[in-house]
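**Q** As given, the protein sequences belong to chains A and B, one line each in that order. Quick note: this note's numbering has the first sequence finishing at residue 277, numbered continuously throughout. Quick note: this note's numbering has the second sequence finishing at residue 304, numbered continuously throughout.
Mixed in with the good hints, there may be bad ones.
[Unchecked claim] Where chain B lies over chain A, by a calculated footprint (3+ residues, C-beta under 8 Å):
no.: 1; stretch: 128 to 136
no.: 2; stretch: 164 to 173
[As the list claims (entries may be wrong)] Here are some, though not all, of the chain A residues that point toward chain B, as calculated from beta-carbon distances under 10 Å:
no.: 3; residue: F100
no.: 4; residue: F103
no.: 5; residue: D178
Since the hints were made in silico from the structure, they are not lab data. Please read these numbers as outputs of a predicted model, since none were measured by experiment. A virtual CB, placed ideally from N, CA and C, is assigned to each residue, including glycine.
Listed here are the chains, written in short residue letters.
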Amino acid sequence: MLTKRIIPCLDVKDGMVVKGTNFVDLKHAGDAIELAKRYNGQGADELVFLDITASHERRKTAIALASKAAQELFIPFTVGGGITSIEEIRDLLSAGADKVSLNTSAIKNPDLIKDAANRFGSQCVVVAIDAKRRGDSWGVFVKGGREDTGLDALSWAKQAERMGAGEILLTSMDRDGTKEGFDIELTRKISESLSIPVIASGGAGSLSSFAEVFQKGKADAALAASLFHYGTFTVGDVKKYLKSNGIEIRD
Amino acid sequence: MIVIVDYGSGNLMGVKNALKRLGVDAIITSKPKDIRQAKRIILPGVGAFGFMMQSLRRMGIEDALKEAIKEGKPFLGICIGLQVLFEKSEESPGIAGMGIFEGSIMKFHKGKVPQIGWNRIIPKDDPLFVEGYAYFVNSYFAIPDDKKIVAATTDYFGEFASAIRDKNVTAVQFHPEKSGEYGLGLLRRWLSC
Chain A
27 MLTKRIIPCL
37 DVKDGMVVKG
47 TNFVDLKHAG
57 DAIELAKRYN
67 GQGADELVFL
77 DITASHERRK
87 TAIALASKAA
97 QELFIPFTVG
107 GGITSIEEIR
117 DLLSAGADKV
127 SLNTSAIKNP
137 DLIKDAANRF
147 GSQCVVVAID
157 AKRRGDSWGV
167 FVKGGREDTG
177 LDALSWAKQA
187 ERMGAGEILL
197 TSMDRDGTKE
207 GFDIELTRKI
217 SESLSIPVIA
227 SGGAGSLSSF
237 AEVFQKGKAD
247 AALAASLFHY
257 GTFTVGDVKK
267 YLKSNGIEIR
277 D
Chain B
112 MIVIVDYGSG
122 NLMGVKNALK
132 RLGVDAIITS
142 KPKDIRQAKR
152 IILPGVGAFG
162 FMMQSLRRMG
172 IEDALKEAIK
182 EGKPFLGICI
192 GLQVLFEKSE
202 ESPGIAGMGI
212 FEGSIMKFHK
222 GKVPQIGWNR
232 IIPKDDPLFV
242 EGYAYFVNSY
252 FAIPDDKKIV
262 AATTDYFGEF
272 ASAIRDKNVT
282 AVQFHPEKSG
292 EYGLGLLRRW
302 LSC
């Protein structure tokens, strides 16, 4: 049977990991590729690089990162962060990225999802949704959760699927950074309403939070960043725990 | 010379990088002439069956591939590169495949589609394949008429053929270039077979 995936996420600026790490033994502390290789060695099923370089250089740094990662890693990886055009998607995929993650630009221009899926296939189009509770449902937010787009997360996820998204990267802005566990209700709602895989993100904390998001939240994959960066758990720790709880993982 | 066939689908660096890691140089090409001169051929594929077949035909690649397969050159098809070896696909009705093997390509009807992620490879009696996990991205799978060519199976709401092997032709539904050590191991064994 298909296994559940564990995906470390690296925020990268000019090729360096932004959030601090506790890997004091890394030769070049903060080097994104070196950290990625470490996670690969721990059994990560995929990796996500979010390039947050804030200048006009971002496009170049993201492509350089994709190219380097493709030479060093033989597992799938996604590159995201500020991608706005079909040309940039093409360049990232040609450089060796397996998937691109679209967020704000897809909200502004949903045709970008369709164009990318038609040209390169749905399998490489991940639509990232930052969701925040708004009464009985969840809204779609941008700018790190500060700006409400007015969109409903479930309707937007369904629209993204219709337009050709291959996967949804669903982040709970309520849980992000809290370590209180994933938003099970949100994840389950979106995952059960779609026929494409959902990657749950935001709130990873205890080992049991991973089991919960798969068993109760019906997620297909779980993403975490600081938990792995700070060495609270290794990817291997999480997978070992999941396996002992009867969840199928790649070991 | 090992050639990686480029029919205009995009990302071929994965396969080239994986071979490079194994110490083997390969060229990415869309020229039938290169395919005719190749020692080994890899046909990766992403996207749709119909688009791939039409591209292979328009670019004159199909005939070169068929000749190479007939001559006994080692051939490796990956993902849609496995599917186009069959006669037809539910994905693109009316567009003929290469017809190297009898059978057709069908869509998954259970679970999330596409299947995305790592799934278990259960080898038949074939030294090229070992048990382990490989990375899949597929909505469709092959149903060969001749079950003897199935080299490995995988379970996705039912068993399907995840690897095909008949004489010099090997084809896998998963992506060895993205399947970590498992995939590199398979490529290494294929290179020496």
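**Q** Can the stretch 128 to 136 of chain A be counted as covered by chain B under the rule of three residues or more with Cβ-Cβ separation shorter than 8 Å?
**A** violated (count 0)
**Q** Please check whether D178/A passes as an interface residue: C-beta within 10 Å of a C-beta belonging to chain B.
**A** Since the shortest Cβ distance to chain B is 22 Å, the answer is violated.
**Q** Does F103/A hold up as a contact with chain B if the rule is Cβ-Cβ below 10 Å?
**A** 9 Å, holds
**Q** Once the shortest beta carbon distance from F100/A to chain B is found, is it less than 10 Å?
**A** 5 Å, holds
**Q** Does the stretch 164 to 173 of chain A contain three or more residues whose Cβ lies closer than 8 Å to a Cβ of chain B?
**A** This one is violated; 0 residues, fewer than the three required, reach chain B with a Cβ under 8 Å.
The structure is inconsistent with the numbered hints 1, 2 and 5, although it conforms to all the rest.
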